[in-house]
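K.L.:
Go by the hints and put chains C and F onto chain D.
Listed here are the chains, written in short residue letters.
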Amino acid sequence: MTQPTTGSQPRSSDEGFVVIDGVSFSYPGSSQPILRDVSLTLRRGEFFVLLGPSGCGKTTIMNQVAGFERPTTGSITVDGRPVSGPGPDRAVIFQGDDSLLGWLNVRHNVEFGLRALRVPGAERTKRVQRALETVELAGQQGKFPHELSGGMKQRVQIARALVVDAPVLLMDEPFGALDAQTRTNLQDALAGLWEQSQRTVLFITHDISEALILGDRIGVMTSGPEARLQTVMDNPLPRPRHRGTAEFADLYQQVEDAVTAAKSRPPAAAGESR
Amino acid sequence: MSTTTTRAGSRRVLATPARRAALRRAPVAVAGILVILLAWELVARAYGKPLLFPGPAETGSTLLDGLTGGDIPDAAIASIGRVLSGLAIGSLAGVLLGLLSGSSRVLEALFEPFINVFRFIPPLAWFAPALLWLGAGETSKVALIVYTSVFVVAVNTAAGVKAVPKNMVRMARTYGAGPVRVFFAVRLPASLPYVFSGVRIAMGNAFMTVVTAEMLGAESGLGVLITEGTANTDVRGVFAALIVLGALGLCADRLFVLLLRRFGGRFSARTLGGP
Amino acid sequence: MSRTAAARRWRWQRLGLNVLAVLVAVAAWHVAALWKDNLLVFPTPGTSLSALRDVLSEGDQRHQLIITLRRVVVGFALGSALGVVIGSLIGSVRSVALTLEPVVHFLRSVTPVAWIVPATIWLGVGEGSLRFIVVYATVFPVTINTLAGLAQVPVNKVRMARTFGASRLRIYRSIIIPSAVPYIVTGMRLSLGYSFMSVVAAEMVAGRDGIGYLIYNSRIFFDTATMFAGILLLGAAGLVFDKIFSVAAHRGLARFYAGQVNT
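Protein chains in written order, with the UniProt record's numbering: chain D, 1 to 274; chain C, 1 to 275; chain F, 1 to 263.
In isolation and in its complexed conformation, chain D is listed as follows (with noise of 0.2 Å):
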């Protein structure tokens, strides 16, 4: 493992990496909006996680940010160029099994966005390979996705992921639907796997000692409808972490309250600025 860091400056660059700009949502034809007026930065290489209850909107950020949906206002950039689709900088994790293709092994789970970028195959091979090994998924690689267990698929997800080289991860709650056991593996996992990446990362979830494990930095939004970013919490933890200590505990109860805040604010009525 890499040397400790101290301190609560994150190793990214300064400069906006994906910069999401006064961004508000609405479904088309609807007068409520699901999200009003989100700004906020990710640093380069910056590990992020966007905390919330469930319903409130954070999916939908990420969907923005994936290119699934257009902002109802405002703007999103990745390295200064705005966001107009879906594409291979932007990597998505997703939260279910559904993204998998399940009449394809593992291995060609993950070597599909490479074909579709039409990578040459000796590169594509050796690329699949070292994802693979990353992701501890080799061994397994004839398998099919209807014969793994939850947490060897969200594993094949990251490992597409990872192949592509995709500068952005986007995942969404992709620890949700596994056991307490296997969530806590893969969060130290990933965490792991960021540090030799240094990739930069909008992680989903409403699990908070989750977001502590893997966060630079934690943002917590209000419950929706109208959900906003309530605030931005630094993780001065230094990295490999551990859920056991004091430390860890402390920054727990900071950042429960300040989502038990954002959970009880009202919705702000039309006009009203944060």
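It is worth saying that the hints were derived from the structure and are not from the lab. There could be a bad hint or two in this list.
Claimed, not checked - Residues from chain F that keep clear of chain D, each with C-beta distances beyond 12 Å, as calculated:
1. ALA32
2. VAL85
3. ARG159
As the list claims (entries may be wrong) - With a Cα cut of at most 25 Å, we get these calculated DMTMM-like pairs of lysine to aspartate or glutamate:
4. C:LYS166 <-> D:ASP98
5. C:LYS166 <-> C:GLU112
6. F:LYS243 <-> C:GLU112
7. C:LYS166 <-> D:ASP165
8. C:LYS162 <-> F:ASP242
9. C:LYS166 <-> D:GLU147
10. D:LYS263 <-> D:ASP207
11. C:LYS162 <-> D:ASP98
As the list claims (entries may be wrong) - Have a look at the derived ranges for each label pair, beta carbon to beta carbon:
12. F:ALA28 <-> C:ARG119: 19 to 27 Å
13. D:PRO28 <-> C:ALA163: 23 to 31 Å
14. D:THR125 <-> C:VAL30: 48 to 56 Å
Glycine included, C-beta positions come from ideal geometry on N, C-alpha and C.
P.N.:
Frame of chain D; chains C and F shown alone:
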């Protein structure tokens, strides 16, 4: 990499608990069939007119004669041939229709009135116009089978296309896949189980339709055997034909189920029981 | 709340597309008929419509339709009832299941109309044999679906009943059968379609009245107008029956569907 697992896996298949249980059940099933045959024989004896209600023995010998004599195989081949050609054409057209209909709301709205109207018109009702337009030969019968298959397959295919998980398509788009790649690499394979299911139902309907059409007038086919039996008041021949019909339909259906289980099982990523 | 406004707008657009499709089809029909140029065998839409009107006002068509529908209703009711009974029998007694299930699958693969010959011999020419065929066509889908429904009862419901000491009969009556209702209904709806198919086939092969007979017989006189009128009535009847059945089933039996994702 995983060659070792494959070999061990195939050896284990024969000894799975499911197989063992099925083998244990076999004697009871056989006994049951014997009971049925016995009941049949008793009823036939009671009826008293072996030409009008033959028992299993007479039917069996007629069946054997027909099978070896060449009547039955020829007739079966004729009927099967019609079903297969009509099914092939109809399924292809139905898949195309269904794919288009399932992918586009607009196209679906355009096709809707026709599918809903023709769905409720039994194929045989069209036999009369078909005879007028296409003559009394093969074409009219095959056309009827095509009609039977198209709508069932189309409806099922459309359902399959609509059932493709949104995230699968999104995932493909994040890797820059254009609509063509998304269609062939994601939408099409994901819809296949539904397509198979539709073709299976269409096949059952096709058999029904073809036999009736043959009964109404044809030179070959199992339906002809049945009408011949009527003309000669020889119910034994009819029963024999019925058994062949049943066996054919059953085998075809089982074959489908087998194919579906073998190739269709992997089309959903959902774990079959497990975390 | 305003999402339904968008939905409403689409519904109108969809209707418009429906109408457009029909108009285009009728226009294409007209052109094809003119090109074929044989009004008797391939009439234009206009000719068909007026012929239809004449034929329908005559009254004979409607009479034939009622005859056919009566056969459908009687056969369907009888066949469904039989199907549920046989399915329940097979589903509850293990040995019966092993014996009868393969027989059911075998018999089901035989075209109903193929039985017209034995049926006529046993039940005579006329209503009896025709009804037999409709019943035959109905029984098996209902049986098979009933079996499927009985097999999928969530085991925890049964366990719950057993913790309260419920007898086998009570469990059957109040848990297993109600859980199977959606499946039985699906089977019946399928059978309704097969009833129509088989009644038409039977009438064509061995009937002397009914819509099927009428349609088939008209070809001798090259009377395409009557043919189309019959086909139209048949399709309409099938549609109406199907609609009535599903609405009635879902309304009347709504509570058996509660909590399920699909109807």
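K.L.:
Hint says 19 to 27 Å; check whether the CB-CB distance for F:ALA28 and C:ARG119 agrees.
P.N.:
With Cβ atoms ~20 Å apart, the hint holds.
K.L.:
Against the 25 Å threshold, does the CA-CA distance of D:LYS263 and D:ASP207 hold or violate the hint?
P.N.:
14 Å, holds
K.L.:
Take the C-alpha atoms of F:LYS243 and C:GLU112, compute the straight-line distance between them, and say whether it is at most 25 Å.
P.N.:
16 Å, holds
K.L.:
Confirm or reject: F:ARG159 is not an interface residue toward chain D, with every Cβ-Cβ distance exceeding 12 Å.
P.N.:
24 Å, holds
K.L.:
Starting from the hint 23 to 31 Å, judge whether the C-beta atoms of D:PRO28 and C:ALA163 obey it.
P.N.:
24 Å Cβ-Cβ, so the 23 to 31 Å window holds.
K.L.:
For a C-alpha distance cap of 25 Å, please report whether C:LYS166 and C:GLU112 respect it.
P.N.:
Since the Cα atoms of C:LYS166 and C:GLU112 sit roughly 23 Å apart, the hinted pair holds (cutoff 25 Å).
K.L.:
Please check whether D:THR125 and C:VAL30 have a Cβ separation lying inside 48 to 56 Å.
P.N.:
53 Å, holds
K.L.:
Given the hint that C:LYS166 pairs with D:ASP98, does the C-alpha gap stay at or below 25 Å?
P.N.:
Holds, at about 8 Å.
K.L.:
Do the alpha carbons of C:LYS162 and D:ASP98 lie within 25 Å of each other, as the hint requires?
P.N.:
14 Å, holds
K.L.:
So if I understand the rule, the pair passes when the alpha-carbon distance is 25 Å or less; does C:LYS166 with D:GLU147 pass?
P.N.:
22 Å, holds
K.L.:
Beyond 12 Å from every Cβ of chain D: is that where the Cβ of F:ALA32 lies?
P.N.:
42 Å, holds
K.L.:
Given the hinted pair C:LYS162 and F:ASP242, is their Cα-Cα distance within 25 Å?
P.N.:
Given pair C:LYS162, F:ASP242 holds - Cα atoms ~23 Å apart, limit 25 Å.
Of the numbered hints given earlier, the model fails none.
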